[in-house]
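Residue numbers (this note's numbering), protein chains in the order written: chain W, 117 to 455; chain X, 117 to 455; chain F, 117 to 455; chain C, 117 to 455.
Calculated from the structure, these hints are not laboratory results.
One thing to keep in mind: the hints can contain errors.
Which copy is meant is left open, so a pair is good if it fits within one copy or across any two.
Subject to a maximum C-alpha distance of 27 Å in a straight line, what follows is the list of computed DSSO-like cross-link-like pairs (lysine-lysine) [what the hints assert, rightly or not]: (1) 236 to 186; (2) 362 to 122; (3) 143 to 122; (4) 236 to 166; (5) 122 to 194; (6) 166 to 122; (7) 143 to 445; (8) 166 to 200.
There are 4 protein chains.
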Amino acid sequence: MIVVMKPGATTEQVQHVVDVVRDYGLKEHVIFGTDRTVVACIGDKRMVDKGAIENAPMVERVVPILAPYKMASTEVKKDRTIVKIGPEGFPIGGNRIGMIAGPCAVEGREHIIRLAEQVKAAGGVGLRGGAFKPRTSPYSFQGHGVEGLKMLAEARDRTGLAIVTEVVGVDTLPAVAEYADVLQVGARNMQHYPLLEAVGKVDKPVLLKRGITATLQEFLLAAEYIIDAGNQQVILCERGVRTFEKYVRNTLTLSMVPALKAETHLPVVVDPSHGTGHAYMVPAMCRASVAAGADGLLVEVHDDPEHAMSDGAQSITPQALQEEMPVLKRIAEAVGRSM
Amino acid sequence: MIVVMKPGATTEQVQHVVDVVRDYGLKEHVIFGTDRTVVACIGDKRMVDKGAIENAPMVERVVPILAPYKMASTEVKKDRTIVKIGPEGFPIGGNRIGMIAGPCAVEGREHIIRLAEQVKAAGGVGLRGGAFKPRTSPYSFQGHGVEGLKMLAEARDRTGLAIVTEVVGVDTLPAVAEYADVLQVGARNMQHYPLLEAVGKVDKPVLLKRGITATLQEFLLAAEYIIDAGNQQVILCERGVRTFEKYVRNTLTLSMVPALKAETHLPVVVDPSHGTGHAYMVPAMCRASVAAGADGLLVEVHDDPEHAMSDGAQSITPQALQEEMPVLKRIAEAVGRSM
Amino acid sequence: MIVVMKPGATTEQVQHVVDVVRDYGLKEHVIFGTDRTVVACIGDKRMVDKGAIENAPMVERVVPILAPYKMASTEVKKDRTIVKIGPEGFPIGGNRIGMIAGPCAVEGREHIIRLAEQVKAAGGVGLRGGAFKPRTSPYSFQGHGVEGLKMLAEARDRTGLAIVTEVVGVDTLPAVAEYADVLQVGARNMQHYPLLEAVGKVDKPVLLKRGITATLQEFLLAAEYIIDAGNQQVILCERGVRTFEKYVRNTLTLSMVPALKAETHLPVVVDPSHGTGHAYMVPAMCRASVAAGADGLLVEVHDDPEHAMSDGAQSITPQALQEEMPVLKRIAEAVGRSM
Amino acid sequence: MIVVMKPGATTEQVQHVVDVVRDYGLKEHVIFGTDRTVVACIGDKRMVDKGAIENAPMVERVVPILAPYKMASTEVKKDRTIVKIGPEGFPIGGNRIGMIAGPCAVEGREHIIRLAEQVKAAGGVGLRGGAFKPRTSPYSFQGHGVEGLKMLAEARDRTGLAIVTEVVGVDTLPAVAEYADVLQVGARNMQHYPLLEAVGKVDKPVLLKRGITATLQEFLLAAEYIIDAGNQQVILCERGVRTFEKYVRNTLTLSMVPALKAETHLPVVVDPSHGTGHAYMVPAMCRASVAAGADGLLVEVHDDPEHAMSDGAQSITPQALQEEMPVLKRIAEAVGRSM
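This is chain W alone, in the form it adopts within the complex:
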């Protein structure tokens, strides 16, 4: 932590900062520059509120030096984490890239089974689909709940696909954990800490979606909550952020893939469906994700998008998925991986 003093700070004011720094159990190091005096602080600063020191007289600002996350960091754990999902234990984070596909919401038993079979046939390793749906409007379809979970479980039994489904609250977590293979924490809940702590106590992989305007640091701190609670099987999912651009639903930020690979040992998958909001862009963004180094893809698939109960605009058909897979495989090979 570096405390930058305003120009004209007196010796007493610098000394006051030194005293505050020592109060927090840190060791100081004062540097007198040509225009500014700075106080470098040495020690474990994790419990210090940097904002507090910013309120001392003549302090201009406080610059943190350390990343605030620890267990999610490549500094602490050098080898990459591989998270095994589903009945067949597909390893997310290894050399092979995993395709997870399915409808936004589970709409019915036969429907989800049919889609699961198509995803499997296309080469998928996981089935996505919401039984509990967090919807922006209270008037939108909210999902089939536990019945939907049972349909997903049946689809798994028939296909061997790993079930990835969202958990929307602490109260419905036990039900979701009973049926799901991977607990998805949605973007809206990325900073709902009681839920992060709760999934941290379950022995199931967690797919954590990046919040709609979460920074890389906040994203990794959310993962840190889960790891800190005891669960190291965390898969990060980039799904786009909100910007000024109205043409797309979200702005898919693929540079997060190499960034996260540098900062954390956790595997990273990409959701190009939410990341764009337009079915026609999904194949191009699947390709780009694989090329950028993603460990997996999360794609919305529906066989009748015009009548989908949610997210129709961004769902591709199973046929489109099947046609896309060979292209993705060739790209995976081009970057030294398989799919």
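Got chain W; can you put chains X, F and C on it based on the hints?
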């Protein structure tokens, strides 16, 4: 809802859209323009996923016409909602503007009582302070929990101030509801629907903070969840949004005040502390909020900001609050209100 | 400038950074922390590209300490700059707040004279209006050019108002400088450096609008270009930034007013018309601007907004302006100023 | 254009809108919905300021239907534009993907020639490098000007590479046009209309960079300015946008590639150097760009990034470029193209 066809759409493709629209129970109205054909849809579209129709062949986009919120809207309820808070029933949303102040977190019994007395003396009507703290990092101070709530209750008993405190999850809601006068739903939880539904079933006023990148529409839909669950005592709180600007913690968007006043009958308060992140800007932004038409202010106050357990950088002192109040009163009078 | 090394950096790698730092003519100061080594650099760093050093092996990042602007800064010039505008030399930046109003574009001779008289009657000190219009679309009305400038000059002669009008390029600057009292540099041109340098060589006040996503630092660096070229009469104009919110045209960031007042000695005016895009919000945002400490307002006024040649949606009528002025005066008095 | 009336609009108010619409030479079509009345307008609306109509009484908002650009649109020109660049006429926009690489700024004669030879050896088709540099700070290195242009020309003569270099203003355009093969209009100048019009009158290809927060629509309108002035050889360049994320310099929005391919016939290249700001991310983003369908890449290369005169942090070495090319070629083949 207006469905815009791409140029070159055939009669069959337009007819297909008409069929889909009718499937959803709507009545269509086709208009052939010079460059585009559009299909205007008439009827209650609340349950239609506009995205689904966007997937029909040769559809360019679908433009919703109606706002998706209803009970929060000035269309449905013309008279303004007044929410009475605290033992003295101060009316938020009436002519008088209410000052709610206090520390970010409850730090100790004597401390919170002393601050409450100072807030009261300055002319405040509510005491803010967190007992449960949602923190970005698992290593930050997480609040005193139920003990903190009891301290707040004691501060209320001594001063008559309304207690405004955050509820961070469904599981701790009963405890918070027992002690608090106003249940604060924080920005990170604005779209945590289980919590919105749960506070919607409690007979206490709710102060709903705008999410860090929530649109006006999403903000009002979050309020709609609470009202839809049965609780009409909703106070909206503008607290700034995230932008590219690093100089401030958040960008306080005061134009939301007149915008919300036009769109909803609910009262609107402003939090200039989170809205800026810098204590030195808080007085100017309090003034601007009152001038813009806010029904109340939520201000962080601390008597030793350099040692505050959180949000020290944005807390003003009780003395600064006391000095600011007469200015705010004069501005309130300038716009035909009182404080 | 602080160079933060990655954990595990060797003594040789730190020494290499020290060498690079010395190459740039700086003095180094190495601090060995618990987790990181940092190299603090002392000296004049204005000509150093911090990015270059970031490319040295095992450098994590480089944190600049000094603000990159100098002459615009309160550090270099303590007393506030007052810019006198128009035939009557109204002082922008003093105790009295100036209202500058007028249509988006000059539409015709009689029209602009009539509006000027109404602005004068309402208590305005300046007349805004574009003769050269930078328009997003090549098919939009581009302004009356030099003829428009002559109309503005005539309006000035009749009313004594200061003429504030936009200069869109270096080639048309001489014409604009001949007729205008204040040269407006628009948001789109805030980083068009040839224009900044050119207006820096003219002896006329410059009203510099903040770019649509310019940071505070970039805004002041743009002002620095003008001052560096020789012109100290710079008025900064906050006009809102682009965010995700679609409800407003721009998000007016009033916290920029106290922020700029702290960082620079230059006067600051606010444009609530572009800052919101909706006429109905303009009065509330005028009030908030005055309360926040603005030195002036720039407001779009039109007597027939439904037929305005541009920006009709955000123009208020002269009547609305006249009714608003007494309220603004009362707020000015409430904060110890006049209007 | 669809005019949406507020609920409760009277027949007279709707008729008033109809009158205004007819004043603008449009034909109206009134639809009475369950909650809203809308007035659909038919005709050429390019010269109508939609904002003006928004000011009519009881109008809620005006929704444009047509894209405002025309000649840049795939609607008007179905076949894709191919822009031939440099002495060898490399076709940007065809099946083969072009690599354009070089330093941020031309730093010296031998340096640029050496780099050009390395770019050529790696398989590049163009040499980028700034002779006139638009710099955020007046104290940064501003480029070697005409001398730099001559060095670039010499590098072209030796290698056959197309010279891509920035034109920063109308006054220096003749000099740049004399030496350059492709006139680069930088992000800061994307809406400097006098420059767009000026390059529109030159018979040289233009590489137009997207503004730092330009929307897709504004980007294409900027291209429209150039085409409208007579120059159809426009190459669009995606270079990232500004968001809240501080980890990267810009957020590279690769979904713009399929979006632009759908909306315009112009070729699209990507600049992953500015798009990320970090050399280590550049290879991954080059790969993703090719996979997403880009027609070319613009990459900053420097053989001594630690001492680069600008943009050192985001420059890769010629060696890194050479190693990356075979991977990019394999990805190009995977998507049915060559490189």
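Here is what the structure says about each hint:
no.	hint	verdict
1	236 to 186	neither (37 Å within a copy, 42 Å between copies)
2	362 to 122	between (41 Å within a copy, 18 Å between copies)
3	143 to 122	both (21 Å within a copy, 20 Å between copies)
4	236 to 166	neither (50 Å within a copy, 29 Å between copies)
5	122 to 194	between (39 Å within a copy, 14 Å between copies)
6	166 to 122	both (16 Å within a copy, 21 Å between copies)
7	143 to 445	neither (54 Å within a copy, 46 Å between copies)
8	166 to 200	neither (39 Å within a copy, 37 Å between copies)
When the structure is compared with the earlier hints, violations turn up for hints 1, 4, 7, 8 and for no others.
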